[in-house]
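**Q** Each chain, written out:
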Amino acid sequence: MLKRNTLLTSLLAGLAAALAPALACACAVCLTGDGDPTANAFNWSVLFLMATPYAVVGSIAGWLVYSYRRAAAKRDQDHATESALHLALSEKESGR
Amino acid sequence: MAQTLTAKRLDETLVELEPKRPGFGGGEPPPGLPQTPIGNNVWLAVLVFLGAEAMFFAGLMGAYIVFRVGAAVWPPPFQPRLPVGVTGVNTIFLLASAVTIRVALRSARRGDGTQLVRWLGLTALLGAIFLAVQGYEWIELIQFGLTVSSSVYGALFYTLIGFHALHVFGALIWLMVVFALARRGHYAKNRYVGVQTCSMYWTFVVALWPALYGLVYLY
Chain P
1 MLKRNTLLTS LLAGLAAALA PALACACAVC LTGDGDPTAN AFNWSVLFLM
51 ATPYAVVGSI AGWLVYSYRR AAAKRDQDHA TESALHLALS EKESGR
Chain B
1 MAQTLTAKRL DETLVELEPK RPGFGGGEPP PGLPQTPIGN NVWLAVLVFL
51 GAEAMFFAGL MGAYIVFRVG AAVWPPPFQP RLPVGVTGVN TIFLLASAVT
101 IRVALRSARR GDGTQLVRWL GLTALLGAIF LAVQGYEWIE LIQFGLTVSS
151 SVYGALFYTL IGFHALHVFG ALIWLMVVFA LARRGHYAKN RYVGVQTCSM
201 YWTFVVALWP ALYGLVYLY
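In the order they appear, the protein sequences are chains P and B.
Each residue of the first sequence is one higher than the last, beginning at 1 in our numbering.
Each residue of the second sequence is one higher than the last, beginning at 1 in our numbering.
This is chain P alone, in the form it adopts within the complex:
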């Protein structure tokens, strides 16, 4: 309950910042450079460089999670096959 409230509060705060430009542009460098092509260029570059680590780390982490789940699924499948095979080959269980 507390975790959901914290998440909701964070989301609302972020939304308020996005909808209130004066609040969002509190950075003096970004605000004073509004309209200047060089400042605009730096802004885009900074946004790109900020997003890249998230993309890179997220991709690596995502690939590791995917590999882990695939290995776990394969292990479960192999274990199930092995158990079934053991039953089939067991003389007592197969009724031979």
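Honestly, the hints are just simulated from the structure, not real lab data.
In this text, a Cβ means the ideal position worked out from N, Cα and C, and glycines have one as well.
A couple of the hints might just be wrong.
Far from chain B, some chain P residues (derived; all Cβ distances over 12 Å) [to be verified]:
id : residue
1  : K3
2  : R4
3  : L15
Computed footprint of chain P on chain B, listed as stretches where at least three residues anywhere in the stretch have a Cβ under 8 Å from a Cβ of chain P [as the list claims (entries may be wrong)]:
id : region
4  : 53-65
5  : 68-76
Chain P is fixed; fit chain B onto it per the hints.
**A** Then chain B, alone, in the frame of chain P:
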């Protein structure tokens, strides 16, 4: 007597502070937990290395974005125009090489040595064609006056595209080593991590190219 009774009581009334969890203190590990590592250490190392390479190129692209977006006119006046069409066709060769190396990796997983050698060779050929065409285009551009020192435009172009070409060249060297080992029958169904890691690196440099082509040649 009292001491024995106490000792016996202690033995009998053992209180478990925590319930025993499977996998902790014995027994089977929890379901879904793989017994073997999910990947080779070399595979993980290459994956992290590719992350570092991605950040390196992100820095170069960030620098390009600053100059490109900040410029009123781009390309700057009196600069030769880049060969968009020829490089576009060259891009197809490089993208095709990503397909061929994936097929080679699948052959390695199957243990098919003949197919592995064939597809690795084809990948190397496509990569070499890409580099050769790039080199030829650069010679043309230098003759037209676009050099590293001619302008910021030239410096950015050769830095960004040059580093990518260097990475492709390095990947090609690696691929040739893997090709030579594959010809000698070094790889098997359960031993193909060299092919896998080479494929990862090659796919990375190929996947990087459309982003660079779009940013430098088209934007």
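**Q** So, against the hints stated earlier in the document, which numbers end up violated here?
**A** none
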